[in-house]
Every structure is written in C-alpha cells, then in structure tokens.
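Novice: Listed below are the residues making up each chain.
There are 2 protein chains.
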Amino acid sequence: MTLKPVRVGICGLGTVGGGTFNVLTRNAEDIARRAGRPIVIEQVGARRANPDCDTTGINVTEDIFEVARNPDIDVLVELIGGYDVARELVMTAIEHGKHVVTANKALIAVYGNEIFQAAHDKGVIVAFEAAVAGGIPVIKSLREGLGANRIQWLAGIINGTGNYILTHMRDEGRAFEDVLAEAQALGYAESDPTFDVEGIDAAHKLTILASIAYGVPLQFDKAYTEGIARITADDVEQADNLGYIIKHLGISKRTDKGLELRVHPTLIPKERLLASVHGVKNAIAVMGDAVGPTLYYGAGAGAEPTASAVVADLLDVARDITTAHHYRVPYLAFSGIVEGDESLPIMPMEDIVTAYYLRLLAVDRPGVLARVATILSEQGVSIEAIIQKEAIEGELVPIILLTHRTREKNMNEVIRQLESLADIAGPVTRIRVESLDEQE
Amino acid sequence: MTLKPVRVGICGLGTVGGGTFNVLTRNAEDIARRAGRPIVIEQVGARRANPDCDTTGINVTEDIFEVARNPDIDVLVELIGGYDVARELVMTAIEHGKHVVTANKALIAVYGNEIFQAAHDKGVIVAFEAAVAGGIPVIKSLREGLGANRIQWLAGIINGTGNYILTHMRDEGRAFEDVLAEAQALGYAESDPTFDVEGIDAAHKLTILASIAYGVPLQFDKAYTEGIARITADDVEQADNLGYIIKHLGISKRTDKGLELRVHPTLIPKERLLASVHGVKNAIAVMGDAVGPTLYYGAGAGAEPTASAVVADLLDVARDITTAHHYRVPYLAFSGIVEGDESLPIMPMEDIVTAYYLRLLAVDRPGVLARVATILSEQGVSIEAIIQKEAIEGELVPIILLTHRTREKNMNEVIRQLESLADIAGPVTRIRVESLDEQE
Chain A
1 MTLKPVRVGI CGLGTVGGGT FNVLTRNAED IARRAGRPIV IEQVGARRAN
51 PDCDTTGINV TEDIFEVARN PDIDVLVELI GGYDVARELV MTAIEHGKHV
101 VTANKALIAV YGNEIFQAAH DKGVIVAFEA AVAGGIPVIK SLREGLGANR
151 IQWLAGIING TGNYILTHMR DEGRAFEDVL AEAQALGYAE SDPTFDVEGI
201 DAAHKLTILA SIAYGVPLQF DKAYTEGIAR ITADDVEQAD NLGYIIKHLG
251 ISKRTDKGLE LRVHPTLIPK ERLLASVHGV KNAIAVMGDA VGPTLYYGAG
301 AGAEPTASAV VADLLDVARD ITTAHHYRVP YLAFSGIVEG DESLPIMPME
351 DIVTAYYLRL LAVDRPGVLA RVATILSEQG VSIEAIIQKE AIEGELVPII
401 LLTHRTREKN MNEVIRQLES LADIAGPVTR IRVESLDEQE
Chain B
1 MTLKPVRVGI CGLGTVGGGT FNVLTRNAED IARRAGRPIV IEQVGARRAN
51 PDCDTTGINV TEDIFEVARN PDIDVLVELI GGYDVARELV MTAIEHGKHV
101 VTANKALIAV YGNEIFQAAH DKGVIVAFEA AVAGGIPVIK SLREGLGANR
151 IQWLAGIING TGNYILTHMR DEGRAFEDVL AEAQALGYAE SDPTFDVEGI
201 DAAHKLTILA SIAYGVPLQF DKAYTEGIAR ITADDVEQAD NLGYIIKHLG
251 ISKRTDKGLE LRVHPTLIPK ERLLASVHGV KNAIAVMGDA VGPTLYYGAG
301 AGAEPTASAV VADLLDVARD ITTAHHYRVP YLAFSGIVEG DESLPIMPME
351 DIVTAYYLRL LAVDRPGVLA RVATILSEQG VSIEAIIQKE AIEGELVPII
401 LLTHRTREKN MNEVIRQLES LADIAGPVTR IRVESLDEQE
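Line by line, the protein sequences give chains A and B.
Here the first sequence stands for residues 1 to 440, where the numbers follow full-length UniProt numbering.
Here the second sequence stands for residues 1 to 440, where the numbers follow full-length UniProt numbering.
Note that these hints are calculated values from the structure, not bench results.
Every value quoted in this text rests on a predicted model; they were computed, and no experiment measured them.
Don't take every hint at face value.
For identical chains, the list gives no copy identity; a pair is met inside one copy or between any two copies.
[What the hints assert, rightly or not] Below, a list of computed lysine to aspartate or glutamate pairs in the DMTMM-like style, where the Cα atoms sit at most 20 Å apart:
| id | residue 1 | residue 2 |
| --- | --- | --- |
| 1 | 270 | 240 |
| 2 | 257 | 350 |
| 3 | 222 | 172 |
| 4 | 257 | 30 |
| 5 | 270 | 171 |
| 6 | 122 | 177 |
| 7 | 4 | 221 |
| 8 | 4 | 419 |
Excised from the complex, chain A in its bound form (with noise of 0.2 Å):
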C-alpha cells in the first residue's frame, strides 16, 4: 500500500527551521519508513537563506503567507518565533484548512486556547511537542505515556540559561553576573537575559505542561514567576552544606484547593535525579497516581533537539492526517478542554504550601536568635534547621534557616516581621524548598 506524501511548508529557517530542514532531508528514508509515507518539504518560508541548508530545487518564497496560502501544503511548520506575526501566521494556516506544527511556547502559552478553538472547528491538528523541552519528548509522555494517571505534581528544569549559570555558580564557587557574562559570550544567552534568568520562558514552558497534565485551559497570566538574579554564591554554598541544590524550576502541582503554576529558584535534595541535571541539559520529573515517578531527560534546545521534536510531530500528523478529528489525542490532553474548564483554578500564590530556606544578617546581639525564633513560631512556622555563622561585616552574623512545609501567606509575614525587626539588616533571602519526594 502506498501512501501520498505529507506535503510540508518551512516558515522560518533560521536555527530550529534549518534543523528541521537538515533532519527530514538527512534522515527522509527512515523517516518515510516509520511514517509508512513520505515526508516532503514542498516549501520554504524564509527572509533569509540558511548558509547550513541546502535548498536546491526547493520553493523557496520570503512570503510566509504565501505558505500558510498555498494549496500544496499539508502542513505548515511555524518556526519563526515571537508573538504577533506567528499567531497570525498560524491561523492563517488553520484558517486555510492546514494542521500546524509549532516551536514556539510563548504563541502556545499565550494564544494557545484561541489557536486551539480555531483548529478544532477547521478540524486540523495543531502539534508543539518542539515548544517544551526541546528534544524531549515530554508532551507526548504526559499526554498519551502517563494517559492512565491523573497527575499529582510535575517539576522541571525547563531553561537551559538559567540551568547552566546555577550549574557553574556551583561548580566554580562564582557569581551570577560574572557566569551570565560568561554565558552570553559563549551564545548560550541572549544579550537580553530577561526572558531566561527572570523565568518568563520556563513559565511559558510550565504553563503548556500544567494543561496538559491535569485538562485545564492554558493559563499564563496566573503563573507566578521568580528569577535567579539574586540567588548568590553563599546561597548556592549553604544550600550544598545543607544537603540541597538550587535549581530554577517549573513546579505545578494539584491540591485540594486547585493548582499550583509557579517558576523560582528552589532548593531540592541532592539525591534526587533532578539534582545531577547539569548544564544547558533540561528534565521535567512528573508524578502520576499510578506510574509514581517518572523523569525525563535531554537537551532543552539547540537546532537539532528540536528540529527532532518537530519531525516527530510532523510524524504523528502523517498518522492523523487522515483520522478523523475526535479520534486524534486532544490539543490539551483532555476532550472539552478548549471550551474551558474552571473546575481546578489556579492557586493565588500566598496559598500554596512549601518549605522555606531563608538567609538574614542579625547584629550580633544576645536574643536576637530567640525573636527570630518567636517570630516564626507566631506564624505557626516549624524550624526544621537553624545555622548561625561567624560574624562578618564588622558585627553582622549570617543566619540560615530551614523551615518544614507552612502557607506563602504565613511566612511572607514572617518576613514582612523580621525586615521591620532592628536587630535584622537588610532584607531577608527567601528560597522555597521542595523535597519533590513520591508523597508530595
């Protein structure tokens, strides 16, 4: 039995469009293969030529439009980026009856419900395994893999930057801004850090993997968002003495009052997997009901990782393309999720429940640890360590504390307290602390 191929329009050929170009030319035999048909690349979409890519013989137009227009083509392969011009690109496309494959997590993040709401009437698939975790085929564990399971919790490090500068914080005892400079010199951040180091990305990322772990509608606006700017190499020191290591992650959790969707520094076991994730290498541990916990591991990004997230949703289309549309794995996981569903809302951040590590400077005066203490305890805050070093700065001692798990609301006035007590100077650090441990 043979198939007719799977006709592809290439809009953006700049990194992950040559990539994605490089990979369905390089490997089109087995790809073929596993499709049970070819896929081709019918046209490319691009302002400029890419010096790795060989488009000889390719229809190469610098209208994207044209793509998303043109009748030859299957499926339209959204690889440039950004907010505006790809939405419209990308419902363009659907508009004209085209399934769309995606990289881009802010479109999804963002636009996701809308794009969604628009593919399911037209019928037409809309893939972005490429807009989380790169390479990882993480959206396809969580939404068909763990598809047994409801979802009790999911934690990722899901920002190569951020990764690498807390990787080498800690390997090399150094500085944020001085391994950022070292970072951006290397290209491995942008000379505007902002949406890496500020978490912005990885909340993107997180709110796409919240969707589609637990059936609710994509939800950016209410995901809470905390770099990695102020984390210092004695944060990154005290945390190693006390067993942990920072990591900036994405956390979603359910509970009995809805879900969590926060991104921030956070101290984790060292013994956990998630723990010796180094470097540029992204992972997202995920805990079903069923499964316990699972991890996934690979690179967050680069050309090739996620071109190879891209053809394997332009796999799965060559599958679907001819399916029915209530037969395909829903957009978010869940049947009925594009028309809302408001039955798990998004926890307001003062409510959700974590450990604490906190770092302040005391004068060093006899009762200064006992009002520190009371402090805590008015809260209804338990101490789980407590570390009071030598004095440095003249007569400021460094204080370290652990607490067990207590509400945001509850130690936000603790630190509102100990800020406005005099025996304090300057504000105090906060780092949340998760155990990520199978009964959490």
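Guided by the hints, dock chain B onto chain A, whose structure is given.
Specialist: Positioned in the frame of chain A, the structure of chain B alone reads:
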C-alpha cells in the same frame, strides 16, 4: 460526538492484572475524557480472585480462552505471563480479530515476530509498552517521540532486582549473596532469581528496545547475556575509586559492522545520570543523531506502574481502533519489519569494541607488572590506568587495570594469556567499561 465504549477483556488478575483493573476503574472518568470514549472492563479471565479488586458486576470466567473468543471483547489484555499459554492465548485472540495489549516481555522477545505477522495479516494492534521498563513510556518515546532520529545507541537499567542488589552492595559494602538474600526476603527478588540476576529478563527487554530503535526483527537468541553474581564488594569499591559505578546494563549500539546487543555488568562514569539511578528504579538512556542524549526514568515493575503502561496502550487502541491498519504506528517502529530485514546483523560478542576493567591477583615478584603490560601491548590493548595494591593473602597482590577501547576478541586473548601466567593466581575478573558519552 459520542463514540462507543472500547470493551476490554483482562486475562490474569495477579499483580499487574489487579493493578490494571484498579487503575481502569479508579481513573475511568479521566481515561474516558482522554480517549474520547469510555474504556470498560467487559470480562475478566482468571483462575483466582484478587483480594485487591472488587469485581462485583463484572463477568469473570476461569477460562481465559473464553475471553479470546468472546465476540463482545474488542481488546484482550494478556497479563498471565509465561511463554506457551500466553502465546496460544494471544494467537487465539488475534485469530478472532481482537487487538492485544500485553506486558509480557518474554513472549514478545521470543515470539514477537510471529505474533506481529499474524496481527499484521488480521489488521489488529498488538501493544506492549508495559513489556519494557514498567511504567516508563520508553516504547512510545523510542517509536514515536524520537522518530526523527537515527538511534546511535541505547543503554538501560532495565531490571529492578539487579539494580537493587548493586545499589545496596555499593552503599553498604556488602556481598552479592548477602544482598540477594535480603532482596528475596523483601519480595524484590524471586526465590529462583536466575531470570533477574543472570540478565535474561534484561535481555528480553533489550531485544525489544533494539528492534524498535533500529528497525530490525526481534532476535533474542543473539543477545549476549552475563549476570552480576560474580561482582564482588571489592570490584564495587575499586570502581568507585576510579570514578565509576557498576550497573547491570542492557546495551545496544549501531556500528559499521552491525548491532551490538548485550547485557552485562558495566562500569559507567559516576557523573552520568544513569549512575544516579538507584534501588529498584529503571532508566534508559537513548542517543539519537538529531536529539543527542536523552533519558527516561521511573518504576520498572510493580502493580500500578505496569498498569499505567497497559492502560496507555489501551488509550492508543481506543484512538486507533477505527483507523486503517497502515496508518497505525508499526509494531517495531518501521514498516516492513515483520517480513524481516537483515541489513543490520547482530554482531558476535567477540567483535564488539569497548573498554575494560580487569582485576587480577599476582604473585608479589619483580617483573609481574611488566609481563602483564607486555601481554596487553602485544594484543594492541592500551592501558588507561594500572593500580597495584598492597599484598593480601600472603604474597598475592591485587592489580586493577583500566584499558582503552579494544575489540572483545583481543581482550579474550589477553585474559587467556594472563590466566596462563605462572605469576597470576586464579581467574581474571573482567568488567566492561562504557563512557556513555555523546561521541560513542
């Protein structure tokens, strides 16, 4: 749009059967939302009741073949284990036009080719995610998620019992027999542990993974299998001193000469993520040409982890049940495999290339090291590290050697010559060493 329920017949209500029954029942609502249709247990075939399962209102028969012939069953779930009856049951179900889901690695590794041929001829699905690494969706990841890639190698901890034993030997400096006895007392090891500790179970799973990774027929009889019973506490300690950890790995590599397919104890660098996989957990590292290194981690056995994979397969069946057979994902990832593809032969063990750890006991005489080094040199084996310890057992001195990569045939000759030296007492211990880096 309301679709008809998918009607499932579960054969076997032991550990995995009971887990599957309970997950399908407990998460029925979520599962139906994912599949777009309910997945209902129409019949159970089991000789004994499972006290953990409430089968009230379910049609239970003691004759599993009644399930295979029942016209009201769409999918037979084979969870009885073993070879012959399971094979007959699955073939009967296929004859009767039923789709099959199985967790039976021995069945697939040994009889998979004929089962897939029969299923192909009947146009039915045979799904077996649960046959490898329990709840980890590694079959789906390899077969679909990494479909863009030419897989270069894979290496996995795919037997929980063996990993439990090695973990405790290392953490507590204990002997193999001692930890095995404990694992048996705790129910982590069978009273006859042969399948687990001799690597047969791992070879079944490796055989399946390799077929899917490279697109070759199942060839369990060509897998090399070596157990962990000869590993000593001293080997574990020496490996540790050299920066390695010993894991019982299933390894399959694509080379110019064909495929390597081997299960044996292996020294791997401590910094590899696989080295941090402890206790009964499983993990599989996969290297693709586009994606680079990836890893999949989770519970490799147990009632509900395995059920998680069985139910994921049922979700796939529910989606594909009305799909024409040639649009479905091929059993072994590539179309045309069931007819056989000999383009990638499984290599004989003596042709594989790897590095080696050798431990020998030498008489404490001048010139021994030189004689040892000469033997290696004459076989073209270069030495990375050589450690001569203090004398034990009278005048015997343990010598630890770490070699660079060489052909197994040459190493066999080295060991033959070493063991024939008058200066060397007893057999030479040989453990293979894999760097598992991105280049290999």
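Novice: Against this structure, judge whether each hint is valid.
Specialist: Consistency of the hints with the structure:
1. 270 / 240: both (8 Å within a copy, 19 Å between copies)
2. 257 / 350: Answer is within: at 12 Å inside a copy they meet the 20 Å cutoff, but 60 Å across does not.
3. 222 / 172: Intra 36 Å, inter 47 Å, cutoff 20 Å: neither.
4. 257 / 30: Between copies, since 19 Å is at most 20 Å while 48 Å is not.
5. 270 / 171: both (14 Å within a copy, 16 Å between copies)
6. 122 / 177: Answer is neither; intra-copy 48 Å and inter-copy 63 Å both fail.
7. 4 / 221: neither (42 Å within a copy, 38 Å between copies)
8. 4 / 419: For residue 4 and residue 419, neither the intra-copy (68 Å) nor the inter-copy (62 Å) Cα distance is at most 20 Å.
Of the hints listed earlier, those the structure fails to meet are numbers 3, 6, 7 and 8, in rising order.
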